[in-house]
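2 protein chains.
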Amino acid sequence: VLLKIKIYQWLPKLLLIVSIAPDTLDNGQMLTPPMGWLAWERFRCDIDCVNDPKNCISEKLFMDMADRLSEDGWRELGYVYVNIDDCWSSMDRDKDGRLQADPKRFPSGIKKLAQYMHDRGLKLGIYGDMGTHTCGGYPGTPLEKIELDAQTFADWGVDMFKYDGCYSNATEQEQGYPLMSKALNATGRPIGYSCSWPAYQGGLPPKVNYTQLGEICNLWRNYGDIQDSWDSILSIVDWFFENQDVLIPAAGPGKWNDPDMLIIGDFGLSMEQSRSQMALWAVMAAPLFMSNDLRTISSGARAVLQNEMIISISQDPLGIQGRRILKEKSGVQIFWRPLSENASALLFFSRRTDMPYRYKTSLSKLNYTTGSYKVTDVYTFKTTVLKDSTEFVVSLNPSGVVMWYVSAPAKLNSRLVFRGGPAPASANEDEINYIPAFL
Amino acid sequence: VLLKIKIYQWLPKLLLIVSIAPDTLDNGQMLTPPMGWLAWERFRCDIDCVNDPKNCISEKLFMDMADRLSEDGWRELGYVYVNIDDCWSSMDRDKDGRLQADPKRFPSGIKKLAQYMHDRGLKLGIYGDMGTHTCGGYPGTPLEKIELDAQTFADWGVDMFKYDGCYSNATEQEQGYPLMSKALNATGRPIGYSCSWPAYQGGLPPKVNYTQLGEICNLWRNYGDIQDSWDSILSIVDWFFENQDVLIPAAGPGKWNDPDMLIIGDFGLSMEQSRSQMALWAVMAAPLFMSNDLRTISSGARAVLQNEMIISISQDPLGIQGRRILKEKSGVQIFWRPLSENASALLFFSRRTDMPYRYKTSLSKLNYTTGSYKVTDVYTFKTTVLKDSTEFVVSLNPSGVVMWYVSAPAKLNSRLVFRGGPAPASANEDEINYIPAFL
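Protein sequence lines correspond, in order, to chains B and S.
Quick note: the first sequence uses full-length UniProt numbering, first residue 1, plus one each step.
Quick note: the second sequence uses full-length UniProt numbering, first residue 1, plus one each step.
Chain B extracted, bound-state conformation (with noise of 0.2 Å):
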């Protein structure tokens, strides 16, 4: 009987080991989607430090953006990460056929780099390709260098490694992604590996290999690049979307569909559509990272990225993937994502472009189970109380969301017997007496 009860108290855990350990990169990365900052969507291929010192790709970035992460509140929040894109290193590989930083502009090197993030509590990314050139036409890391490549970055202290794949087949890029998972995980140090190989693939099965991805990759890039529009955004939502019974299997701990990076703090998204990419980026178990300048960010922009619970969905430990429940004719869109102690994040977008749009329905409606449930809007911070019955509307902006965070039910008719007597000690009066007026 003891014994019993034992296995019962150790049946989540053994469940989760046993679940996460067949299908997934064995390193141990990223149970959560992983979060920082990334280079590439605002600093782009900018190399010219000699007329725009302040934007090119060089140490001098990277430092200033770990200065901001740690000293602006970003790190407590899980944003951690400060990853390197494209256009990093030198044009020839040093005597021993190793990758090294252009010296102009990496003039202490990556090794050094890595260690100005770990003396922050950051970790630093890094980036390569696995053709013969990168994207930007800097040295690649095809098949024959992969694990040259991968002991290099180990050797460096880096913590996460970016795969492109511009420059390269569809056969190298078989073989090339997951050797160089491999030799990630033979260095001994633990690096998030982030595949972009499933773009290049169109992103669907079955050219895609959605189980042996989570088994070799930590991300994943499914779709082309963000652009700071708000049009790129609807058609990373839309793809992600319209291909979700494919996506959310695939994603899991330590394995993840990854929509590119946040485009919240830069130039092309009013706050209503900044508001609604972290809701959709949380709602998706996305991958958290920022591509803006940390140094100017407007405070609106920042109050949209340290929103602490959008975070929190966005990490929740169970690590599933939300869908899209609903697509209505007036441009109202629903989203849900189960979240931990069977809870759950339900997401109310609007794709219109006129006025607000008062949108009425009912949790019964929205698929919610008989009970009372305690809703949060994760923007406005306000709480309420909703039968799965009740009616209710939802004031939608152009182009904005509504994001609630739906606590676990109560069950309704059990503690109604209670009403108006002795609640049970258990009981949270609130939750069952209070009548919602809601929005």
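It is worth saying that the hints were derived from the structure and are not from the lab.
Among the clues, some could well be false.
[As the list claims (entries may be wrong)] Interface residues of chain S toward chain B, partial, derived using beta-carbon atoms under 8 Å: (1) Arg42; (2) Phe43; (3) Gln227.
[As the list claims (entries may be wrong)] Restraint ranges, calculated between C-beta atoms of paired labels, are given here: (4) B/Pro338 <-> S/Ser235: 37 to 43 Å; (5) S/Asp52 <-> B/Ala170: 18 to 24 Å; (6) B/Ser299 <-> S/Pro190: 42 to 48 Å; (7) B/Asp67 <-> S/Ser235: 39 to 45 Å; (8) B/Asp26 <-> S/Gly224: 54 to 60 Å.
C-beta atoms are modelled at their ideal positions from N, C-alpha and C, and glycine is treated no differently.
Based on the hints, put chain S in the right spot on chain B.
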């Protein structure tokens, strides 16, 4: 000789009168592009005053906006029109066949509302449709009702009238739009006249007769309705500048092409994009009708809309519509509007969606004649002096603009004679001795 001198003195004014008189609606209205507020884009046909009392089309909404215009600094900048759009009227005409406002939503009636505006130094605009019904299904003003309705509006003290074209055909429009012009004039009350006619004709000759439009309307909608998105703005801007050779000659004091409302302060534009719409509309000599919620507008959006230098460019008395002078493969586009006193507005616009772009050029490359120009950035207020030959760099954010007010040229060669020596009384030392270290 004396006579000759007098004629020379008067010549500019005579020319102005001569050039306006024969081909412009003779109501003396709108000699610069009209400015104000128009309900449609933001509030549409929301008539649900029970559930949405603050936002429904009602006298309260227009009084609220009038209060804001008169109390928050808008009126003094020229934003004086408060314009009703569709969905204001009762579904039935009164016993005398006159249009009447919806009695529940406009209990005080339009005449009182006009008085409310006039008491505050504002003007009231109203809306009708030349077909059997308005676009929203309310009573139209077809041919046989034109004189009656024009007189009703005049009796109410209305100051502007927008005549839409739903549920009418080309033949009726051909008769109706000129007839309404005459009818409005015949009332004796100056009423600005906005014609949607060309938008129903596809916006271009030979269907559209811009000479005639200039004779009968003060402004006209050439193209489709604006929506709350950056895409919508881009489509409008592209159409207007692709057809600039047709549209520019049509515009002038009292007669304006209307690319539709300003959506700054709504939900779909980033700050960059807001600055861009304002600048582009000013360069186009477009009417500046905001459609937003002035009760809750952000300080950022308000600062853009209240930018005095851009408003003064918009309101330049010459009333010459600007043109696109360059369309680079890089996505940079350059626009130019000639202003009075030999000044001009120069607008650099980036259609890129990646990162700030450093664009290098000189004034002489942009067809400026030899000389030294004082240049003021209308958003940063920085002023510098540029010789026509000086190469400079402007940094253009994605979907953003840089807009300059360029003063009349100082003749460089003749004035440089004085360099280092005593300057003539009229010379501005700054203009010739300051060496630009620009941006």
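Hint check results:
1. Hint status for arginine 42 of chain S: holds, given a least beta-carbon distance of 6 Å to chain B, under 8 Å.
2. A hinted interface residue such as phenylalanine 43 of chain S counts as satisfied when its beta carbon comes closer than 8 Å to some beta carbon of chain B; here the least separation is about 6 Å, so the hint holds.
3. With a least beta-carbon distance of about 4 Å to chain B, the hint placing glutamine 227 of chain S at the interface is held under the 8 Å criterion.
4. The hinted window of 37 to 43 Å between proline 338 of chain B and serine 235 of chain S holds, with their beta carbons roughly 40 Å apart.
5. At about 55 Å, the beta-carbon gap between aspartate 52 of chain S and alanine 170 of chain B misses the expected band of 18 to 24 Å.
6. The hinted window of 42 to 48 Å between serine 299 of chain B and proline 190 of chain S holds, with their beta carbons roughly 46 Å apart.
7. In this structure the hint that aspartate 67 of chain B and serine 235 of chain S lie 39 to 45 Å apart at CB holds, the actual value being about 42 Å.
8. For aspartate 26 of chain B paired with glycine 224 of chain S, a C-beta distance near 57 Å keeps the hint of 54 to 60 Å intact.
When the structure is compared with the earlier hints, a violation turns up for hint 5 alone.
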